[in-house]
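Asker: In order, the protein sequences belong to chains A and B.
Going by the working numbering, the first sequence opens with residue 6, and the numbers climb by one from there.
Going by the working numbering, the second sequence opens with residue 1359, and the numbers climb by one from there.
Any given hint might turn out to be false.
Under the rule of at most 20 Å between Cα atoms (straight-line distance), these lysine to aspartate or glutamate pairs were calculated in the DMTMM-like manner [said to hold, decoys possible]:
id	chain 1	residue 1	chain 2	residue 2
1	B	Lys1395	A	Asp43
2	B	Lys1363	A	Glu22
3	B	Lys1363	A	Asp43
Stretch-level coverage of chain A by chain B, calculated; a stretch enters the list once three of its residues show a Cβ under 8 Å from a Cβ in chain B [to be verified]:
id	stretch
4	41-47
5	81-90
6	108-116
Quick caveat, the hints were computed from the structure, so don't treat them as lab data.
All C-beta atoms in this analysis are idealised placements derived from N, C-alpha and C, irrespective of residue type, glycine included.
Spelled out from the first residue to the last, the chains are:
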Amino acid sequence: DVKVTQSSRYLVKRTGEKVFLECVQDMDHENMFWYRQDPGLGLRLIYFSYDVKMKEKGDIPEGYSVSREKKERFSLILESASTNQTSMYLCASSLDSTRVAKNIQYFGAGTRLSVL
Amino acid sequence: DQQVKQNSPSLSVQEGRISILNCDYTNSMFDYFLWYKKYPAEGPTFLISISSIKDKNEDGRFTVFLNKSAKHLSLHIVPSQPGDSAVYFCAASSNTGFQKLVFGTGTRLLVSP
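Produce the complete structure using the sequences and hints provided.
Answerer: Here you go:
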């Protein structure tokens, strides 16, 4: 079974703090993704990575950065947290689709972040 | 611009009946479609998918239909069970999208006993 683990289920931070959200996958997947989920807006892609040290902006990258130093780990960084970054953050991973026919992403349980 | 739309935010169905969840898309480059199910406080889990070369895919109680000319897909759950109560997201990808998924806004399904 694919396992995607997010280090925290709940986080409460103050405005202006630097926040790190960690994600680890154990299935040797090439691709990793960070989303945020907000009511009425679905899942929106923040950043993704298709290889170690590689990163690509998603649809809403402003205010975020990412780090992928190892294949199994993908970190999301909020440089200076703001209240509008209060959300559910979801990490996902997938195999390179040149290796498999199906482009299925596997998700972690999510981190609910509150910025006060 | 919302490329994948789920126009019904919620759906209520009685146990044993059919649930039909709908999804529309605008990008004709999408060639692979997925449905995910999400319970509160959990991540989405993959449910069923369909390639654009097919118009139907079944897996047990779940069937996905794809109408390419209408750019519409639907998920049928028969028979619906209370444990199916969750938020359902449809998602789409294209060969040119670098394996990204574009998600809809979700439909909350409530199956009552």
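Asker: What hints, given by number in increasing order, does this structure fail?
Answerer: 2 and 5
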